[in-house]
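Dock the two chains into a complex; use the hints.
Protein chains in written order, with numbering that gives the first Met the number 0: chain D, 0 to 182; chain W, 0 to 386.
I should point out that these hints are in silico values taken from the structure, not numbers from a laboratory. These numbers were taken from a predicted model, which means no experiment stands behind them. From the three backbone atoms N, C-alpha and C, an ideal C-beta is built for every residue, glycine too. Be aware that a few hints might be false.
[Unchecked claim] Derived SDA-like pairs (lysine to any residue); straight-line CA-CA distance at most 25 angstroms:
{"hint": "1", "chain 1": "W", "residue 1": "Lys15", "chain 2": "D", "residue 2": "Met125"}
{"hint": "2", "chain 1": "W", "residue 1": "Lys29", "chain 2": "D", "residue 2": "Asp27"}
{"hint": "3", "chain 1": "W", "residue 1": "Lys29", "chain 2": "D", "residue 2": "His74"}
{"hint": "4", "chain 1": "W", "residue 1": "Lys29", "chain 2": "D", "residue 2": "Gln65"}
{"hint": "5", "chain 1": "D", "residue 1": "Lys136", "chain 2": "W", "residue 2": "Gln10"}
{"hint": "6", "chain 1": "W", "residue 1": "Lys15", "chain 2": "D", "residue 2": "Arg120"}
{"hint": "7", "chain 1": "D", "residue 1": "Lys89", "chain 2": "W", "residue 2": "Met16"}
{"hint": "8", "chain 1": "D", "residue 1": "Lys81", "chain 2": "W", "residue 2": "Arg11"}
{"hint": "9", "chain 1": "D", "residue 1": "Lys81", "chain 2": "W", "residue 2": "Trp18"}
{"hint": "10", "chain 1": "W", "residue 1": "Lys15", "chain 2": "D", "residue 2": "Leu123"}
{"hint": "11", "chain 1": "D", "residue 1": "Lys174", "chain 2": "W", "residue 2": "Arg11"}
{"hint": "12", "chain 1": "W", "residue 1": "Lys29", "chain 2": "D", "residue 2": "Leu96"}
{"hint": "13", "chain 1": "W", "residue 1": "Lys15", "chain 2": "D", "residue 2": "Cys160"}
{"hint": "14", "chain 1": "W", "residue 1": "Lys15", "chain 2": "D", "residue 2": "Ala117"}
{"hint": "15", "chain 1": "W", "residue 1": "Lys29", "chain 2": "D", "residue 2": "Thr28"}
{"hint": "16", "chain 1": "D", "residue 1": "Lys177", "chain 2": "W", "residue 2": "Lys15"}
{"hint": "17", "chain 1": "W", "residue 1": "Lys15", "chain 2": "D", "residue 2": "Asp52"}
{"hint": "18", "chain 1": "W", "residue 1": "Lys29", "chain 2": "D", "residue 2": "Leu123"}
{"hint": "19", "chain 1": "W", "residue 1": "Lys15", "chain 2": "D", "residue 2": "Ser50"}
{"hint": "20", "chain 1": "D", "residue 1": "Lys81", "chain 2": "W", "residue 2": "Met28"}
{"hint": "21", "chain 1": "D", "residue 1": "Lys89", "chain 2": "W", "residue 2": "Met28"}
{"hint": "22", "chain 1": "D", "residue 1": "Lys81", "chain 2": "W", "residue 2": "Gln14"}
{"hint": "23", "chain 1": "W", "residue 1": "Lys29", "chain 2": "D", "residue 2": "Arg76"}
{"hint": "24", "chain 1": "W", "residue 1": "Lys15", "chain 2": "D", "residue 2": "Gln65"}
{"hint": "25", "chain 1": "D", "residue 1": "Lys136", "chain 2": "W", "residue 2": "Leu12"}
[Said to hold, decoys possible] Far from chain D by the CB rule (all over 10 angstroms, computed), these chain W residues:
{"hint": "26", "residue": "Ser6"}
{"hint": "27", "residue": "Gly39"}
{"hint": "28", "residue": "Ile169"}
{"hint": "29", "residue": "Ala186"}
{"hint": "30", "residue": "Pro212"}
{"hint": "31", "residue": "Asp256"}
{"hint": "32", "residue": "Asp268"}
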Amino acid sequence: MKRHPTGQPRVHLRAVSSDSGDSCPDFDTLFERFSPYVASVALRLMGEDESVDDLVQDVFLDCYRQINCLRNLEHARRWLVKVTVRKASKRLRRRKLVQFLHLSDAGSREPSVPLVTADERAQLVMLYGLLERMPLKDRLAWSLRYLEGAEISEVAYACNCSLATAKRRIHAAQKMIKGEDHD
Amino acid sequence: MTDSNSSQQWQRLAQKMVWSYSGDESEEMKNQIIARYRAGVRRRNASLAAGVVILCSALIWPLSTYLKHDEAVSVKADSSHNASDAGAVADARFGTQTKAPDAHGDGVSGLASDTSPRATPLTPGTRFSVEEETGVSTYRIAVGSVRFEKGPSVTRRLVVHVGALTIEDIGTVFTVETLLDAQVHIAVAEGRVRVTWPTGDAELTEGTDGTFPSGYENIAPVSALHRDGSVKIVPDAMDWRTLARNGQNRQALRSIDSDPSRVRNQVADLLLAADVMRLTGNPQRAVPYLNRVVREFPGDTRRPAAAFTLGKVLLNELGRPAAAASMFAIAAQKSSPLAEEAIAREAEAWYRAGNFTKSRMAARKYLEYYPNGARAESVRALNNGTP
Numbered sequence: 000m001k002r003h004p005t006g007q008p009r010v011h012l013r014a015v016s017s018d019s020g021d022s023c024p025d026f027d028t029l030f031e032r033f034s035p036y037v038a039s040v041a042l043r044l045m046g047e048d049e050s051v052d053d054l055v056q057d058v059f060l061d062c063y064r065q066i067n068c069l070r071n072l073e074h075a076r077r078w079l080v081k082v083t084v085r086k087a088s089k090r091l092r093r094r095k096l097v098q099f100l101h102l103s104d105a106g107s108r109e110p111s112v113p114l115v116t117a118d119e120r121a122q123l124v125m126l127y128g129l130l131e132r133m134p135l136k137d138r139l140a141w142s143l144r145y146l147e148g149a150e151i152s153e154v155a156y157a158c159n160c161s162l163a164t165a166k167r168r169i170h171a172a173q174k175m176i177k178g179e180d181h182d
Numbered sequence: 000m001t002d003s004n005s006s007q008q009w010q011r012l013a014q015k016m017v018w019s020y021s022g023d024e025s026e027e028m029k030n031q032i033i034a035r036y037r038a039g040v041r042r043r044n045a046s047l048a049a050g051v052v053i054l055c056s057a058l059i060w061p062l063s064t065y066l067k068h069d070e071a072v073s074v075k076a077d078s079s080h081n082a083s084d085a086g087a088v089a090d091a092r093f094g095t096q097t098k099a100p101d102a103h104g105d106g107v108s109g110l111a112s113d114t115s116p117r118a119t120p121l122t123p124g125t126r127f128s129v130e131e132e133t134g135v136s137t138y139r140i141a142v143g144s145v146r147f148e149k150g151p152s153v154t155r156r157l158v159v160h161v162g163a164l165t166i167e168d169i170g171t172v173f174t175v176e177t178l179l180d181a182q183v184h185i186a187v188a189e190g191r192v193r194v195t196w197p198t199g200d201a202e203l204t205e206g207t208d209g210t211f212p213s214g215y216e217n218i219a220p221v222s223a224l225h226r227d228g229s230v231k232i233v234p235d236a237m238d239w240r241t242l243a244r245n246g247q248n249r250q251a252l253r254s255i256d257s258d259p260s261r262v263r264n265q266v267a268d269l270l271l272a273a274d275v276m277r278l279t280g281n282p283q284r285a286v287p288y289l290n291r292v293v294r295e296f297p298g299d300t301r302r303p304a305a306a307f308t309l310g311k312v313l314l315n316e317l318g319r320p321a322a323a324a325s326m327f328a329i330a331a332q333k334s335s336p337l338a339e340e341a342i343a344r345e346a347e348a349w350y351r352a353g354n355f356t357k358s359r360m361a362a363r364k365y366l367e368y369y370p371n372g373a374r375a376e377s378v379r380a381l382n383n384g385t386p
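With the rest of the complex left out, here is chain W (with noise of 0.2 angstroms):
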């Protein structure tokens, strides 16, 4: 067969090779293609829509946690402590809300997120550092404006520092705010407040507001505040309690060893020199100041938390149960919110010093001031000597 004869003959047979569609089958393709195109256009939307959205939350999300970590409450407890630990310092920045610890690990009575009175920053870099205690949640305002709730359901006492100046509230809703010349603006909303600073006291009703010394001359006014949050104090004014507040406790700590006698001999200050000792990890040298308050301030209010944070360090970081006994047995005066941990941990600490007897008694003072007590079950095992 030549080439011509053999395509002619291909070509001619092909021809016999064709296809067609009816109407109704031309329709039907015509619609399948159509529905495949919006099928296919559909799943390239949503696929784009689901590639923006993975795209947006991998932007979103680095910003979100570098903005969390500059602006959110971010507690940074010791690592060396539980950061329920009576005492323990944590270190607030510019936030909404303050979160109780939980404490259940340490042995300290339930303390619930929604126990704790609720503190929001008004002014960016407002930064404060807030201290969850058995009963008590105490804030220390380095610098900025703060907005404090007590809601009917906070069973926890609510007490504020700025500087040498103590916030007491009674049930409240109040705003604190830092101002030039170390003064501080309190503002009552709700409820009342009393205040202290160390030459007087007052107490702020419902609608009322005063301004009061802060009794430190390099708190930082709200005003020192720039655009941006940070704040405007100059390094040579940083002494040792604002770096603390801010929660450079390891400059607060060089500062201390550089001059000691910049700690002075008033509660506020025995008692951050005391927390930076502890979260530089030289419990040992937070003893002197614990010892200080606990022995030279008896009609202070802060007297038996400094004897209970002092029966903590003595008891679980030195080693010294007895002594700690007898920190615990000064905590637990009856006034104080801490009276129930405290006698708890009393006899803990005096059963491991061998002192059984003390140990029982008590455990029975325990039993009758609190027979329901967080503690109840350890404590009965402690009277029966079986713990």
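Here chain D stands alone, though its shape is the one from the complex (with noise of 0.2 angstroms):
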């Protein structure tokens, strides 16, 4: 049998639905429930809030096909974060290449979080910007572990990645935001 990179074997998750004793959740019932969810987290790794409409629209697009895969809402909220980090990746690989040709500008783009304090939304700021800098499998595993407050097993789920080499891109990700932090 095939096995995830976190080390749980892959199986296929409709022989598992039933034993779960979980029902399938309906799409609307997914939306209400996870919209939000997937829009803030979709914001947190982006760090901006111009593609969060349209990146929660395409993870939900996905969802709407593979509706009948998802499991339990469990299943399904974990799923979402998965989809959502793999969208935002594009996103930002597309967004670097950009800005590596010049044809956008990199300093324009900044949270516009209506909460924060003017010193928050500085660090922020500053957060964001080193982000930018590193590499981009580091920086979503930081996020999603620092940001979004995610285990580690989950953060190695969302990303494809072992337990091991999650670990070492969230490890690779703090020490460079340390050492800006001495700085």
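And the structure:
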């Protein structure tokens, strides 16, 4: 049997759905329940609100297509985060390319968070400035761990990597942020 | 800042980065997602349909090409001849309709396909050849069953040969079928046909039918056809005539060369042998056969056509315009459907032979009989000495 990078055996979702005892959630329920959550994760991963709506739509479009594969709400939540990470990764990679080609102004982007103070806003700008400069995979793993507060196993699942790799990425990102902090 | 402090600080800050949707926004977004999904499905279905169509086309096209090649009428005129050359033999396999060749390039008066009779093979494997000449369509049936239709708009004469049997229509619809024992069955649906064979003739009227001798021992009956359309004829029985009618002219030539006496002194044999020679690139060897038809069968209806063909061979292929002009003069009998073209060619041949007096005489004759003929303009130029 093919094994998932996290070490868990990959089984067909349909095959275990009956064992879990939960029924497959419908799309409306999933959207009502998780769209703000997915949007918030997307906002934290991307660091800007311009593409959040599009990203949420892309994630739930995938969800609509594969609704039958989702076993229960918890599984759906983890799966939605995973898809959000994948979609955010694509967008960030594209954004980096655009910046590299000087087709877009890198400095114009900053998180528009209404509830934070000016000091907190400055910290966020600094943080996302740092994150922009670090490798994408490290950034996503760190963001999930420290901005989203996800467990390492959840980070590994969402980033589609092993636990060790997830830890290594988080560590590398943390080291870079600490270094900048000390400077 | 320690690791845990730092983490907690970022996490606390991040908790303020929240996003939510109002009820309307949520509903609108859901609708957009579903619309996008449906559009995607439509796109995918369209792509799938297009793919299936392309795949089917890719599969069907070679198949239909193969079937067409095998079944539809394919006119294989000798490449050294224009397809519209009088007497040019075309090989027609099982198909639905023959097509008169476009003759403008050769100067033959315009032959539109809708003026040609319609020949419909009724059994798979039916083999027949067609000669398109000015004013006459000549079919030679090797094997099988063919229905002929000559509507009122068809101006061409229709002549069908099965072995030594000749069938001439008089405005009609009729079916010709090869039978066992070298017999040919003819059924007339409309109009009348005249049937002639070496020892007699008969006329069939509407609603009648008859069985006639083909004159050839090796005419394959329809019952000899395999289900797949191939003909059950053992190789020994395939004489040069069958080979020639099947378009295997080179083999027919070899057969004649191995025993020239195989070509009987009959008009059909002589014309077929001449065609074999012409189509295998031996026009000089066609001359004796055509000459025999012209000299030894003065009363035969095919004599003018033989003379015309000989004239063309002499003029175009052997560079003997004077001799060609004499042949065109023979072909230009007033009753012949080739008369108009023959007179025009006679004028042209005399001109090329340097005999301008005879050229002008022929040209005047043409202009007298056919002042509005298809070749009137070019003949007028010959008459004026400025071709």
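Against the structure, the hints:
For the given pair, Lys15/W sits about 16 angstroms from Met125/D by alpha-carbon distance, which is consistent with the 25 angstroms threshold. At most 25 angstroms may separate the alpha-carbon atoms for a hinted pair to count; Lys29/W and Asp27/D meet this at roughly 8 angstroms. Taking the CA atoms of Lys29/W and His74/D, the gap is about 21 angstroms. The hint holds against a cut of 25 angstroms. Using a Cα cut-off of 25 angstroms, the hinted pair Lys29/W and Gln65/D holds, with the two alpha carbons roughly 15 angstroms apart.
Pair hint Lys136/D plus Gln10/W holds up; C-alpha atoms about 19 angstroms apart against a cutoff of 25 angstroms. A threshold of 25 angstroms between alpha carbons decides the hint, and for Lys15/W with Arg120/D the separation of about 11 angstroms falls inside it, so the pair holds. Our distance criterion of 25 angstroms between C-alpha atoms is met by Lys89/D and Met16/W, whose separation comes to about 21 angstroms. In summary, the hint linking Lys81/D to Arg11/W is supported, as the alpha carbons are separated by about 22 angstroms, within the 25 angstroms threshold.
Pair hint Lys81/D plus Trp18/W holds up; C-alpha atoms about 18 angstroms apart against a cutoff of 25 angstroms. Note on Lys15/W and Leu123/D: the hinted pairing holds, with a Cα-Cα distance of about 11 angstroms set against a maximum of 25 angstroms. Among the hinted pairs, Lys174/D with Arg11/W is consistent with the structure: their alpha-carbon atoms are about 20 angstroms apart, no more than 25 angstroms. Taken as a hint, the Lys29/W and Leu96/D pair is broken in the structure, with Cα atoms around 31 angstroms apart against an allowance of 25 angstroms.
Restraint check for Lys15/W and Cys160/D: not satisfied, since their Cα atoms lie roughly 28 angstroms apart, outside the 25 angstroms limit. For the proposed pair Lys15/W and Ala117/D, the alpha carbon gap of about 13 angstroms is at most 25 angstroms, so the pair holds. Taking the CA atoms of Lys29/W and Thr28/D, the gap is about 11 angstroms. The hint holds against a cut of 25 angstroms. Between Lys177/D and Lys15/W the alpha-carbon distance is near 22 angstroms, which keeps this suggested pair within the 25 angstroms criterion.
For the proposed pair Lys15/W and Asp52/D, the alpha carbon gap of about 18 angstroms is at most 25 angstroms, so the pair holds. Only pairs whose Cα atoms come within 25 angstroms are accepted, and Lys29/W paired with Leu123/D is rejected, the gap being roughly 31 angstroms. Taken as a hint, the Lys15/W and Ser50/D pair is honoured in the structure, with Cα atoms around 18 angstroms apart against an allowance of 25 angstroms. Proposed proximity of Lys81/D and Met28/W is supported: the alpha carbons are some 20 angstroms apart, at most 25 angstroms.
Taking the CA atoms of Lys89/D and Met28/W, the gap is near 21 angstroms; set against the 25 angstroms cutoff, the hint holds. Between Lys81/D and Gln14/W the alpha-carbon distance is near 19 angstroms, which keeps this suggested pair within the 25 angstroms criterion. At most 25 angstroms may separate the alpha-carbon atoms for a hinted pair to count; Lys29/W and Arg76/D meet this at roughly 17 angstroms. The hinted pair formed by Lys15/W and Gln65/D fails the criterion: a straight-line CA distance of about 31 angstroms is larger than 25 angstroms.
In summary, the hint linking Lys136/D to Leu12/W is supported, as the alpha carbons are separated by about 22 angstroms, within the 25 angstroms threshold. Not every C-beta of chain D lies more than 10 angstroms from that of Ser6/W, the closest at about 5 angstroms, which undercuts listing it as non-interface. The Cβ of Gly39/W sits about 8 angstroms from the closest Cβ of chain D, inside the 10 angstroms cut-off, so the non-interface label is violated. Against the 10 angstroms criterion, Ile169/W stays outside the reach of chain D, whose nearest CB is about 74 angstroms from its own CB.
For Ala186/W, the non-interface assignment is confirmed: its Cβ lies about 67 angstroms from the closest Cβ of chain D, beyond the 10 angstroms cut-off. For Pro212/W, the condition that its CB be more than 10 angstroms from all CB atoms of chain D holds, with the nearest at approximately 77 angstroms. Non-interface call for Asp256/W relative to chain D: holds, since the shortest CB-CB distance, roughly 75 angstroms, exceeds 10 angstroms. With a minimum CB-CB distance of about 77 angstroms to chain D, Asp268/W clears the 10 angstroms threshold, and the non-interface call stands.
Of the numbered hints given earlier, the model fails hints 12, 13, 18, 24, 26 and 27; all others are met.
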